[in-house]
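Novice: Chain W: place on chain U using the hints.
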Amino acid sequence: MNTNTERAMLTESKPVAKPRVVALRLRILRSWQLYVLVLPLLVHVAIFQYAPMYGLQIAFKNFRASAGILGSKWVGLEHFERFFNSYSFWNTLINTLLINLYELIFAFPIAIIFALMLNQVTKLRFKKWVQTITYAPHFISTVVLVGMLFIFLNPRTGMVNNLIDFFGGERINFFGEAAWFKPIYIISEIWQTTGWSAIIYLAALTAVDPQLHEAAIMDGANKFHRVRHIDIPSIMPVIMILLILKMGHFASLGFSKVLLMQNDLNIDASEVIQTYVYKTGLVGAQYSYSAAIGLFDNLINFILLLSANQLAKKFKQQSLF
Amino acid sequence: MKMKQATQITALSSAIMILIAGCSSEKQATAKTPADFHETGLPIVDKPITLTIAGNFDDRTGAKWNELETFKKINEGTNVQINWNLTPGTDWKTKRNLIIASDDLPDVLLDLTTSQVVTGGAEGTFIPLEDMIEKYAPNLKNFLTKYPEVRQAITAPDGHIYSLPLANMSEYKHADGNTLWINKEWLKKIGMEMPKTTDDLLKVLKAFKEQDMDGDGNPNNEIPLTGVYGDGQYGFGNLFGSFNTLDRQFIVKDDKVQFVRGTEEFRNAIKYLHSLYELGLIDPDSFTQNSTQHIAKISAGKKASVGAFFAWSADQITNASFRWDYGSPMIPLVGPTGAQVTAYNNLQMTPGMFTITKVNKHPEATMRWVDRAYEPEMSMMLREGPNRLKKLDNGRYDIIENPPNFTAGEWKVKETPYNSFVYGFSEEMRKKQNLPKAEPGQLDPDFDEWYEALKPYMKHWIFPNIMFTDEQYKQIERYQTDIKKYTDKMEAQWIVKGGIDTEWDNYLKTLDKMGLKDFIKVYQEGYDTNKKNLAKK
Chain U
1 MNTNTERAML TESKPVAKPR VVALRLRILR SWQLYVLVLP LLVHVAIFQY
51 APMYGLQIAF KNFRASAGIL GSKWVGLEHF ERFFNSYSFW NTLINTLLIN
101 LYELIFAFPI AIIFALMLNQ VTKLRFKKWV QTITYAPHFI STVVLVGMLF
151 IFLNPRTGMV NNLIDFFGGE RINFFGEAAW FKPIYIISEI WQTTGWSAII
201 YLAALTAVDP QLHEAAIMDG ANKFHRVRHI DIPSIMPVIM ILLILKMGHF
251 ASLGFSKVLL MQNDLNIDAS EVIQTYVYKT GLVGAQYSYS AAIGLFDNLI
301 NFILLLSANQ LAKKFKQQSL F
Chain W
1 MKMKQATQIT ALSSAIMILI AGCSSEKQAT AKTPADFHET GLPIVDKPIT
51 LTIAGNFDDR TGAKWNELET FKKINEGTNV QINWNLTPGT DWKTKRNLII
101 ASDDLPDVLL DLTTSQVVTG GAEGTFIPLE DMIEKYAPNL KNFLTKYPEV
151 RQAITAPDGH IYSLPLANMS EYKHADGNTL WINKEWLKKI GMEMPKTTDD
201 LLKVLKAFKE QDMDGDGNPN NEIPLTGVYG DGQYGFGNLF GSFNTLDRQF
251 IVKDDKVQFV RGTEEFRNAI KYLHSLYELG LIDPDSFTQN STQHIAKISA
301 GKKASVGAFF AWSADQITNA SFRWDYGSPM IPLVGPTGAQ VTAYNNLQMT
351 PGMFTITKVN KHPEATMRWV DRAYEPEMSM MLREGPNRLK KLDNGRYDII
401 ENPPNFTAGE WKVKETPYNS FVYGFSEEMR KKQNLPKAEP GQLDPDFDEW
451 YEALKPYMKH WIFPNIMFTD EQYKQIERYQ TDIKKYTDKM EAQWIVKGGI
501 DTEWDNYLKT LDKMGLKDFI KVYQEGYDTN KKNLAKK
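As given, the protein sequences belong to chains U and W, one line each in that order.
Take the first sequence: its position 262, counted from the start at 1, is 262 in my numbering, and no numbers get skipped.
Take the second sequence: its position 372, counted from the start at 1, is 372 in my numbering, and no numbers get skipped.
The shape of chain U in the complex, shown without the other chains (with noise of 0.2 Å):
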C-alpha cells in the first residue's frame, strides 16, 4: 500500500484510533527497510532458538521415537532425581564448575593485560608482527591441538619430558595423571586464545582520547599510571560485557577438547557435564535422561549469567539488561 495515502488516511482519523498503537505501525511502515534488514535475524533466532525448545519437554518424558516427543510418557523429575544422585553427579558439576572457575580467574585477565602491553608499544610493525603471533593458535582446530598436546607431552618422546629428563627431573606422564589435566587444558587454552581475545580490548582501547593521555603526561603521570587511572577505566564497560558474556556459557565449555583429552586415567578430573550428556544422550541413546542434564546445566548458566549482571549493576557498571 502507498505510504501516502496511508499516512492521510491516519491524520484524518486521528481522534478516534489508539494513538500509540498508530504511531508504532506508523514508525514501522515508515522505516520499513530497518525491520526488512532485523527480519533474518530475528526468524534465524525463531527457527534455531526458541523452536527446538519445544524438545526441551523430553527432558520430563520417556522418549520413545516412534512415538514422538508428544506421545512420550510423561514422567516428571526422574530423569533429573536419577542424576542428582548418581555416582557421576557431583564430580561432574565440581569439574565443570572447576575448568570455568580457573579460565575465568586465569585466562581471562591474561587477555586483558596482553592487551594493555601491547597498546603501550609504539613500533608498529613490532605491533603488528607480535599480534600475528599471538592470534595465529586461536585458528588451530581443536582436534590438531589436541595432537599436538599428545607429541609435546608425551612421557617418552615428548619434547617437554625430554627438557625435564635433560634437567634431571623424573619424567611425567602428563595425560596419564588426574591432576595435571586442568592445568594443561587452561594452559593450552591460555595459548590458544588470549591473542584472540586481546582484539576487542585493542579496539576499545584506540578509542580512549589522546588527549586523556596528554594531560595526564603534563601531570606528571608515568606510563603504569596512565594505564591505572585511563586505559583501564576506559575499557571497564567492554570488559564487564565480556565478562557477563562469559559468565552466561560458564557452565558450558569446549566439549570437543575435553573430550579428545580425555581417558580413563585422568577421567575423575575431565568428566564435564558436556561429556557426560554425550556419552549417556548420544552413545547411549538414553535421550530424555541426557536432555534432562543438559536441561539443568542451562538451569546453571542461566542463573550464573542473571548474578553476574546483577553484580554489574551494583557496581554500576555496564549491564546486559
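To be clear, the hints were calculated from the coordinates, so they are not data collected in a lab.
Careful: at least some of the hints might be erroneous.
List time: in silico BS3-like cross-link candidates among lysine-lysine, alpha-carbon distance up to 25 Å [as the list claims (entries may be wrong)]:
(1) K484(W) to K279(U)
(2) K257(U) to K485(W)
(3) K485(W) to K182(U)
(4) K297(W) to K257(U)
(5) K358(W) to K73(U)
Reference listing, derived: stretches of chain U covered by chain W, where coverage requires no fewer than 3 residues with Cβ under 8 Å from a Cβ of chain W [as the list claims (entries may be wrong)]:
(6) 57–68
(7) 104–116
Heads up, the beta-carbon is just placed ideally off N, CA and C, and yes, glycines get one too.
Specialist: Positioned in the frame of chain U, the structure of chain W alone reads:
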C-alpha cells in the same frame, strides 16, 4: 466468515484423505504385493526401484559401494538400485542413534545393536521379517535351517525376527583374536625361550627393557610391551586367562553369570599387570593411545622398536621389513596358580546387521535382493573378497595372495563392504578353500591349526549372543554407562598406581550402590531364558 468455514472444511477433509491414503498404502505394502514384483527369477521388479540404505563403511573400502564388484553382482539384473548413505565406521555409533531418534528413516538400516533392533521392533520402526524369509529368501532360509543357533540369535523375545545377520560360522573363529606377539629376534639376542608362564614373560620383558635390543647404542628407547587399554583386540585381556578369568564384562561359569570386574580372579590379574607396570615394562602410552596410534607405533621405523604387543596377527600390521620378527606363545601362559585359559568365543556374528524399516515401500523386493547376498558363493565373496578367489574345476577355490602393492588386509577388503553388510558364511564353504599352508612359526589366528592348538585350553565362558527384552535393555542402559565408566577408571588406575588391595572393599561397595546386583540379575535372566529356549528346540 463463509470463506473461512469453507477453507476449514477443505483443510479437514484433505487431512482425512491424507490419513486414509497413508493407511491404505501401508496396507498395500504389507498385505498385497505390487503387481510388477516377481516371486522368483529375474528381474525382481519390472520397473526399476531405488532403495535407500544407511550404514557405515571401512576406510579401506570407501563409501562408493555401488562400484564394488560384490554389489555389482548382487544388483545385476534385479532392477533394484541402491542409494547408499554411508557414514565412517567411527561415527556410526552416534549416527545410527540420531537416525533412529529423529525418525527420519531410510528403507534399510544396517549394523544396529541388538538393543536397537528389539526396541525398534517393539515400537514398529522395523517390520517383522520371518514370513518374508520363508517366502522370498531361500538362501537365507537354508542357512538358518543349517544353523539354528543363528535363528535363535536373531529372534527377538517377542518371537519375531526384525533383523538379518552377518554370520561367519567357520569353526576357527572360536579362537580369541587378542593374541600376544613377542619379538623372536630379540629373544634370540638375549638367549631366552618363548615364555611359557607369566613369570617367564616378566623376565623376558625385563631383559627387553634393560638391554639395547635394536642395537642403536641406546638401551632406553625400546618399548617392552605396549597395548591399547580397554580394546578387545589390542588390549591386555589375553593375560587374564592365566588368572582363570576372561577380560569380558560378563562371563558365565556353570550357568552362573559373573561380573568379571568384581571377582578375585580379576584382582589377581590386575595385580600382575601392575607388577609389570611398576617395573616400567608396560608402555605408559597404552592408556592414552588409540588403535591407529598403536599400529603406527608398532610398525614405525626400519627396525622393530617394540618387544611385545597384542593383536590379531602381527604380520598384517607391522612394517614389511620386520613383519615376520614376531611370534606368539599361542597357547595361554601358565599363571601363578597354574591357570591356563582362553575363550571359546561366540562365532563371528552381528545379529542386527540388516533391518527393513516401516517406510520401505518394497519390503518383498528388498528381501529378495538381500537374499542374493546369502547365496553361498556370494557370501564367500563378501567374506573373502572376489579378487582373492579363483574357482577351480573341481568346485574348490584357490586363494590368490596379495600383490606387492597391497597389504594383506587391503587386498582382502578391496571389493567388499568388509563386515559392514550381511553374509552367511558356512564351515562347508570354508572347507572348499585351498588355504595357503602356514610356514612353521608363522601361524596366526586365521589358520585352522591355530584353533586346533588352542582348543584344549578353551573355556565355554563367553556370554551367548542373545536378544534381551525391550524392558531389560532399558535397565541395561541405565546401569551400563556409570558402571563401565567407574570400573574402566579403577582398573586403569590400579594397573598404573596399584592399591587394588586397599581399595577393593570400598570399590565393591560403590558398585553395589550403583546397582551392580540388579545389573547382573538382568544378564542372568537373559541367560536363563535363552537356555530354556534352546532346550525347547
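Novice: Determine for every hint whether it applies to the structure shown.
Specialist: Evaluation of the provided hints:
1. Proximity of K484(W) to K279(U) is assessed by CA-CA distance (about 11 Å); at most 25 Å being required, the pair is judged to hold.
2. Restraint check: the Cα-Cα separation between K257(U) and K485(W) comes to about 19 Å, which is no more than 25 Å; the hinted pair holds.
3. A hinted pair counts as satisfied when its Cα atoms are at most 25 Å apart, and K485(W) with K182(U) qualifies at roughly 20 Å.
4. For the hint linking K297(W) to K257(U), the alpha-carbon distance of about 24 Å falls within 25 Å, and the restraint holds.
5. About 22 Å separates the Cα atoms of K358(W) and K73(U), which keeps this hinted pair within 25 Å; it holds.
6. Here the stretch 57–68 of chain U counts 6 residues with a CB under 8 Å from a CB of chain W, which clears the bar of 3, and the coverage holds.
7. Evaluation of the coverage hint for the stretch 104–116 of chain U: breached, as 0 residues show C-beta separations to chain W shorter than 8 Å, against a requirement of three.
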